[in-house]
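Colleague: Next come the chains, spelled out residue by residue.
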Amino acid sequence: MAAKSGRAALVAIAAGAVLLGAGTVYLLSPNSPLREQQSAVVEIGGPFKLTTQDGKPLSNEDLKGSPFAVFFGFTHCPEVCPTTLWEMSEALKALGDKADKLKVLFVSVDPERDTPEFMSRYLKSFDPRIIGLTGSQEAIDAVGKAYRVYSKKVPTDGGDYTMDHTASVYLMDAEGRFSGVISYEEDSKVRLAKLERLVNG
Amino acid sequence: MHSNSRSFARAVAYPFNRSRSLEERLGILALAIALLFAMSHSLWAHEFKAGDIEIVHPWSRAIPAGAKVAAGYLTLKNDGSTADRLVSITSEIAGKSEVHEMAVDANGVMTMRQVPNGVEIPAGGEVELKPGAYHIMFMDLKQAPKKGESFKATLTFEKAGNVDVEFSVGDMGGENDHSGHGG
Ligand SMILES: [Cu+2]
Chain A
1 MAAKSGRAAL
11 VAIAAGAVLL
21 GAGTVYLLSP
31 NSPLREQQSA
41 VVEIGGPFKL
51 TTQDGKPLSN
61 EDLKGSPFAV
71 FFGFTHCPEV
81 CPTTLWEMSE
91 ALKALGDKAD
101 KLKVLFVSVD
111 PERDTPEFMS
121 RYLKSFDPRI
131 IGLTGSQEAI
141 DAVGKAYRVY
151 SKKVPTDGGD
161 YTMDHTASVY
171 LMDAEGRFSG
181 VISYEEDSKV
191 RLAKLERLVN
201 G
Chain B
1 MHSNSRSFAR
11 AVAYPFNRSR
21 SLEERLGILA
31 LAIALLFAMS
41 HSLWAHEFKA
51 GDIEIVHPWS
61 RAIPAGAKVA
71 AGYLTLKNDG
81 STADRLVSIT
91 SEIAGKSEVH
101 EMAVDANGVM
111 TMRQVPNGVE
121 IPAGGEVELK
131 PGAYHIMFMD
141 LKQAPKKGES
151 FKATLTFEKA
161 GNVDVEFSVG
171 DMGGENDHSG
181 HGG
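Taken in order, these protein sequences are the chains called A and B.
Residues in the first sequence are numbered consecutively from 1, following the UniProt record's numbering.
Residues in the second sequence are numbered consecutively from 1, following the UniProt record's numbering.
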């Protein structure tokens, strides 16, 4: 009886090992769903040259060696942008010492109105470590394209306009490679966990 | 919660019973806390009325320094038997106030549009203006909403007419119930 169940267990273990092996081979194969996901995300990010809210130049080269979180928005934004800036400020506070390794970038998609001076004043309401970036329309278009960001000027009554734009936060590693996204509606605990993972490399 | 509500019943039915079980005592404590919570909630929430339309808890958020826009939120309830419509709004803080609809799509893109015909409140129904959805957009700000303060506004309904309301201003991340809504 004991020998019989022992043999059955061996058979089960062997069957499990075969399945595990087959699964691994599949996931490493060129048709693997993991691989597809990787190659699809590698293309987010790239070189940029912009101006900070202090009027200083900042490029992707300056960020080499430190992971960063980057998101796009505009100061005439009633909800998404202040909320994201507020939440990132809270997250920086919660990260404590670990926040020193992380850079947080807020890139304007509305350089016409978001001058360095205007952004400097606006960002005083948030964590001082957040870097506001603006630049020429060409420079903004280029960084938007590199990060696959959607943004569009939408005219409103009275000659005014608003901006539709991607509201997600992109997480980039110390080499400037894409490593994940925080969505606008992300739970604050998940947001913090993702940022922690990013700084821990 | 179930056993608690049973112990509420027992506690209420036998108020002079001196030998209350721990369960009953806990039940009474829970009832007291629930009552306190309900009371403090009604202190914070506030309501206004115009005809059949009830305007529940208009609120807004503090805004970043120099910001030119702010958003306002509230719930509209229609106790009447015909639909009504919030068609326009004016406020002491804004040169221009509009009803907008905002959404974030599956690709993470935020869009915001004016709702030119206003928001319909169905007969016997309610509409919530909240983050990620319908909101009142205050533009050309004359003064910034400040945390802990309130500001005046006048809502105009197609049938119920005008009603003066007050928006209470919370924290910049105030009432940030992100888990609860989808947009
Ligand atoms: Cu709006």
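Among the hints, erroneous ones may be present.
[Unchecked claim] Pairs of lysine to aspartate or glutamate, DMTMM-like flavour, derived with a Cα cap of 20 angstroms: (1) B/K96 to A/D160; (2) B/K142 to A/D157; (3) A/K152 to B/E101; (4) B/K68 to A/D187; (5) B/K147 to A/D127.
Since the hints were made in silico from the structure, they are not lab data.
Colleague: With the threshold set at 20 angstroms, check whether the alpha-carbon distance from B/K147 to A/D127 stays at or below it.
Modeller: This hinted pair holds, its Cα atoms lying about 18 angstroms apart.
Colleague: Within 20 angstroms, alpha carbon to alpha carbon, are B/K142 and A/D157?
Modeller: holds, 18 angstroms
Colleague: Taking 20 angstroms as the top limit, are the C-alpha atoms of B/K96 and A/D160 close enough?
Modeller: Given that 20 angstroms is the threshold and the Cα spacing comes to 12 angstroms, the pair holds.
Colleague: Run the distance test for A/K152 versus B/E101: straight-line Cα separation, threshold 20 angstroms.
Modeller: holds, 17 angstroms
Colleague: Taken at face value, is the distance from the CA of A/D187 to the CA of B/K68 at most 20 angstroms?
Modeller: violated, 28 angstroms
In the structure shown, a violation is registered for the earlier hint numbered 4 alone.
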